[in-house]
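Okay, here's what each chain looks like letter by letter:
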Amino acid sequence: MAKRAAEEITEGMAVNLGIGIPSLVPNHLPSELLVMFHAENGILGIGGTPLKGSEDENLCNAGGLPVSVVPGASYCDSATAFGMIRSGKIDMTILGSLQVSQTGDLANWIVPGKKVPGMGGAMELSQKAKKVIVLMKHTDKHGQSKLLEKCTLPLTSGACVDMVITNMAVFEIKDRSLVLTELFSPYSIEEVTEKTDCGFLSASKIRKIEY
Amino acid sequence: MAKRAAEEITEGMAVNLGIGIPSLVPNHLPSELLVMFHAENGILGIGGTPLKGSEDENLCNAGGLPVSVVPGASYCDSATAFGMIRSGKIDMTILGSLQVSQTGDLANWIVPGKKVPGMGGAMELSQKAKKVIVLMKHTDKHGQSKLLEKCTLPLTSGACVDMVITNMAVFEIKDRSLVLTELFSPYSIEEVTEKTDCGFLSASKIRKIEY
Amino acid sequence: MENPFNKITDIKHIMKYYHDGMELMFGGFGGVGSPPGLIDALLHSGKTELTLIGNDTGFPDIGIGKVIRAGRAKKVIASHIGSNPIAGQLMTDGKLEVEFSPQGILAERIRAGGMGLGAILSDIGMDNEIVSGKKKRFTLNEKEYLVEPALTAEVSIVYAKKGDPYGNLVYDKSARNTNPLVAMAGSITIAEVEEIVPLGNLNPEEIVTPGIFVDYLIPSSGVNWKWAWE
Amino acid sequence: MENPFNKITDIKHIMKYYHDGMELMFGGFGGVGSPPGLIDALLHSGKTELTLIGNDTGFPDIGIGKVIRAGRAKKVIASHIGSNPIAGQLMTDGKLEVEFSPQGILAERIRAGGMGLGAILSDIGMDNEIVSGKKKRFTLNEKEYLVEPALTAEVSIVYAKKGDPYGNLVYDKSARNTNPLVAMAGSITIAEVEEIVPLGNLNPEEIVTPGIFVDYLIPSSGVNWKWAWE
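Chains as they are written, first to last, in my numbering: chain A, 1 to 211; chain B, 1 to 211; chain C, 1 to 230; chain D, 1 to 230.
Just so you know, these hints were derived from the structure itself, not from any lab.
Ideal Cβ placement from N, Cα and C applies to all residues, glycine included.
Treat the hints with caution; some may be incorrect.
Said to hold, decoys possible - Examples of chain D residues lying across from chain C (beta carbon under 7 angstroms, computed):
#: 1; residue: 119
#: 2; residue: 140
#: 3; residue: 145
#: 4; residue: 200
With the hints as constraints, model all of the structure from the sequences given.
Next comes the structure, spelled out in structure tokens:
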């Protein structure tokens, strides 16, 4: 999933990565590609993970993990970091989710009565980044589809997701419609259909991804 | 006037000075006194005027005149410079005025039909500095009192002035009442009364200033 | 060190600014950039019924999380409590009131407080009941916004890399985060600094928080917790 | 100089962003920190009917004042026009519309535009007809405020001391003034810089404007006017 998401990143972009699988995306980028990775706490220009033992406790991403910076990086306060997001300067955000609806609604911040983490920066990012990509497993631990007609969990933002990459397939959301565009090997359209709790269109040409 | 105003400044204060006579106030301060002079463009900690020929075109006060900085000075953007004012961190502002009313209204930003400079930072300073001192000639060029029952020019801010220092006398404004507290030699109370277009109280003890 | 502004002080003096029921704002993001000595002093003070305002609730053993674990807070205004399960448990048990604000909007509300503004108008989270439920709305140029009130506090505590006797502060890398905002929004602002340098030692260009916003400085002994990644 | 982000360019390329009737925001305070080359290019472009947004109108021969003297502006949003008598004359003659905003509120409105906020609530100049006349009011916690709308522009022009190929900017002393705010509020932001340095040459701590806000950089030949104090 991280490898597929990395394909969406092009030269010169400013990209925000959520915690978890999205944080693995840089491992799949060509090293010569100039990308400015953004963190909500106040870094623009995050580089690779420092070697064990050479971490700097005052240089961490928004998830609290040690990072490094690339040439051209800058630090700022968190207000300015979010100003970049709200004013539409972040080209792409890649984040995890609990559920996504077929019209692109995102629910990734709360499980009422169970888990109350808080929205953090997810609302600003999902509402304001130019392109919102969700990386998530196709089904939850009970085997239930995380792609739904309508999210059952409280929404983070409505109609904001542009692309969903699961372990089975890739979908684009265009004009509030879910379109299957790619399949991860060895899955078939039939298998994806069976595991998906909402209808979707199929692109005229479906790419088979065999990494 | 500038010398008298300088007496109001005590150790550790943050002070904003308007253009004109107020800008002469630092000349009358003991050199060892630690005062942080503030400029609206984004300087905290202005020092003396640089020598002719050693001016820096990128180090000027809000009036556009070259300045220097003291140890402990900092630069900031203009938004932050005004944040200091609005949040009440500026201990004192000393500014010029066209008119002041007996209740402390300030009119110093516009002469309708004649002079339309704009308010600049005068509204924020007069509304929000902890103490507002006006330095102005007692009368205008036509001999008319600049202290009035009610300002005839449009107000900058109402009921904001704490002290008025003219070339004739010093007044404090307490509970919206004008109180004569000091006289500059050689003026008498009678002369001040004659040149003042509003009533005023007299302090029980009036200091005679003989510089 | 010369102390001409009487701002350099010690924990003993700071203790008098802590009291039961106070509103306290803290710098830091996931504990990074939170002031360890001032937080420990708050713990030792025994003060309780606190309203804490900051980005998040840290971890149970990191940053402001220690104060929450000790049950000293009655209310938290934050964007995230997920890294501190104790905060979530206290909230579920009805022992801790939590007001959630989107992260960047929380930062702007704190900044607005420090800048002497009343509120900001935002279009973030308008359709979300938890964000917008108690907020007023305002329509400007045919677009609807939430009115997000400015936040201030009786005391703000921040962590910086260097400070001078006037209280000018310089931060370290991503430990800057919310600190410059929090530093401006306290009626009393106390900075814990790794190094106090003489007046004039900081370049006026590099100063992030002008000293006018800082009331007291105390020297730091550094972070006294173990990071999650360690 | 390597130009991997294609942001380093020349005046010729910039010209295409200037057009009749445009909204243009400029950095500077009394001309200090205003970009001389970009202002001259605007003059040479012949573009007119401009709406200019910035702290003040400079002096007749300094900063944006040159554009106003040439009669190219139809409207100005500023806090002060006193240092440029030609602006006052044009206003009195009905040839220039001037919207006055208190200086710090103007700075905050520009910042709000750059930060993607809708407006700020302010208590400055509430009783003043010129400030508050056309503004809406909003009562929050029993206190009344003016709703001061955010300001943005099609093009922002700023002046900086150093810039790198990503557009990261560092300013010089009080020439910083409104530049960092203006740099954030333009749909297209063009920075004129005294020195372009290689990527990685600026310390991430010292960068005032992160390059993400800057679209183009042009090298500067420095100020081409005589200051009032000279």
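Now for the hints, and whether the structure bears them out:
1. Hint status for residue 119 of chain D: holds, given a least beta-carbon distance of 4 angstroms to chain C, under 7 angstroms.
2. Below 7 angstroms, beta-carbon pairs count as interface contacts, and residue 140 of chain D has one with chain C at about 6 angstroms; its hint therefore holds.
3. Restraint check, residue 145 of chain D versus chain C: the minimum CB separation of about 4 angstroms is within 7 angstroms; hint holds.
4. With its C-beta approaching chain C no nearer than about 16 angstroms, residue 200 of chain D sits outside the 7 angstroms limit, and its interface hint is violated.
In terms of the numbered hints stated before, the structure departs from hint 4 and from no other.
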